[in-house]
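Residue 129 is where the sequence shown starts when you use the working numbering, and the numbers rise one by one after that.
Some hints could be false.
What follows is a list of derived Cβ distance ranges for each label pair [claimed, not checked]: (1) Ala172 / Ser205: 40 to 50 angstroms; (2) Val144 / Gly182: 11 to 21 angstroms; (3) Ile135 / Ser168: 39 to 49 angstroms; (4) Gln201 / Leu143: 35 to 45 angstroms; (5) Val144 / Leu185: 12 to 22 angstroms.
Just so you know, the hints here were simulated from the structure itself, not pulled from any lab data. Keep in mind that this is a model prediction, so the values were computed, not measured. Glycine is no exception: its CB is placed at the ideal position from the N, C-alpha and C atoms.
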Amino acid sequence: MSTISRIILATVVTLVVHVDNCFACPACKDSFTSAGSNGSTGDAYSWSILFMLGVPLTIVVVASIFIARRVRQHPNSLTS
Numbered sequence: 129m130s131t132i133s134r135i136i137l138a139t140v141v142t143l144v145v146h147v148d149n150c151f152a153c154p155a156c157k158d159s160f161t162s163a164g165s166n167g168s169t170g171d172a173y174s175w176s177i178l179f180m181l182g183v184p185l186t187i188v189v190v191a192s193i194f195i196a197r198r199v200r201q202h203p204n205s206l207t208s
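Build the full structure now, drawing on both the sequences and the hints.
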């Protein structure tokens with residue numbers, strides 16, 4: 129394993145392990161810690177963040193698949 133790969137792996141592992149130590153704004157933190165009337169607010173924040181991260185990735189994957197299929201169907205159309 130190369131040195132750069134080890135550094136990247138160590139960085140990723142460190143970030144994953146220390147996720148619990150991340151700080152949140154007071155409103156977000158309170159919505160997660162108090163499961164009272166605002167308990168679902170924290171869940172809503174979590175789901176909205178997941179969707180915001182997932183939609184661009186989905187768009188890129190679908191576009192890549194579409195382009196790959198077009199290139200396979202018409203391989204000679206790329207050369208002039």
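Worksheet item: Among the hints numbered above, which are violated by the structure, and what are their numbers in rising order?
Response: Checked against the structure, no hint fails, so every one of them is satisfied.
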